[in-house]
Amino acid sequence: MYAQMIKSTGKTVKSLDEMDPQERAFQERIDAGGKIEPRDWMPEGYRKTLIRQIGQHAHSEIVGQLPEGNWITRAPTLERKAILLAKVQDEAGHGLYLYCAAETLGVSRDDLTRDLLSGKMKYSSIFNYPTLTWADMGAVGWLVDGAAIMNQVPLQRTSYGPYARAMVRICKEESFHQRQGFDIMMKMASGTEAQRKMAQDALNRFWYPSLMMFGPSDENSVHSAQNMAWKIKMNTNDELRQKFVDQTVPQAEYLGLTVPDAHLKWNEERGHYDFSEPDWEEFFDVLNGNGPCSKERLEARNKAWDDGAWVRDGLMAHAEKKKARKLAAE
Amino acid sequence: MQNEWPLWEVFIRGQHGLSHRHVGSLHAADAEGAIKNARDVYTRRNEGVSIWVVEASAIAASSPDEKGPLYEPSNDKIYRHPTFYDIPDDAGAM
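Protein chains in written order, with the numbering used here: chain A, 1 to 330; chain B, 1001 to 1094.
By construction, these hints were calculated from the structure, which means they are not laboratory data.
It is possible that some hints are incorrect.
[Said to hold, decoys possible] To list a few chain A residues with every Cβ distance to chain B over 10 Å, as calculated: (1) ASP40; (2) LEU66; (3) ASN70; (4) TRP71; (5) PRO76; (6) MET150; (7) GLU219; (8) GLU268.
[To be verified] Below 25 Å or equal to it, Euclidean Cα-Cα: the simulated DSS-like pairs (lysine-lysine) are: (9) A:LYS321 to B:LYS1036; (10) B:LYS1077 to A:LYS81; (11) B:LYS1077 to B:LYS1067; (12) A:LYS120 to A:LYS7; (13) B:LYS1067 to A:LYS323.
[Stated by the list, open to error] Computed from the model, here is a short list of chain A residues facing chain B with C-beta under 8 Å: (14) VAL107; (15) SER108; (16) ASP313; (17) LEU315; (18) HIS318.
Just so you know, these numbers come straight off a predicted model, no measurement behind them.
We put the CB at the ideal spot given by N, CA and C, even for glycine.
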């Protein structure tokens, strides 16, 4: 998802009887649906895993501005441009809500930024794909934000209070993102032959990368079991992927577009669609920094950080000077 | 990276005559910048009519470990709740 392949530090999930009283009280609180707040006691593994997950989620929102930012100056109408600008601004906001949640766990914003810029921390694989045409803005909103919502809605119930509250805010705003994407797809799909082809091409390119967003099957993963026990992961990757496919296929049909999967078929018995797995080798390759735009994305973030240094330093120097003057006058 | 802007906690008053409520935090060089940033980060959809910002380091907070000694004194004072008193229906609305 926006946070893929989050490894927890727990080796196996401990039973309540194996825990010391403090950890047991912590786990029982989570089991009872209680929230953990910043100053509460928590196992070190819980803290570290959450920093990794929320940090990766935040980085995804920030890097996620780039593929869409690419089209702001080239949106087809002023209205589309204003909408896209507002959406990209929302992504920046979502990144900030999440950084602020991560910081309550004792990590600094600059540490997180440094780890993103050095490539030590990851962001979602999806943002390493290029956005080649205007129809990609439709596909990103419809599919990428659609997949994100699928993951984020259950995270509103996650055990860590600040993370859950950030998710509530994000989910409220995210729904506009998906709808504006679908709106673009509707327009393109019912437009000229060239526009329809563009919409189909965008779906072709974004379908499998969107399925990859949920991460590989994790049914037997130790990390996944621990993260679910801690309620920082609410569903398995396969559950969410299936839900996404079931929801999206009828929407593609509505648009008159074809999902690029010859094996896609409604399975009456299961009550779900059967579908082809994405190429997981490609996924790991992209996650390891070898995606089509990986280098470009990190370079863009590094450049923004470096180019902004004088502004950050200047404003800080000004604030300190003002403070000193005020103190002197008192 | 050594010059990180301080962290500010943000409180927003919604439009319905409510108190200011904590909504999150952000970084800014000074209070003025913090209010401007809070406007952009936390009120993009008319969520507020008033913003308070305070440097996070200026907040004193109770510790979760003191929960017992801090709140227990009120636990046994159930007479502070109206339901403690048995008033006959005949007395009318009260």
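List in ascending order the numbers of the hints, as given earlier, that are violated by the structure. 1, 10, 13 and 14
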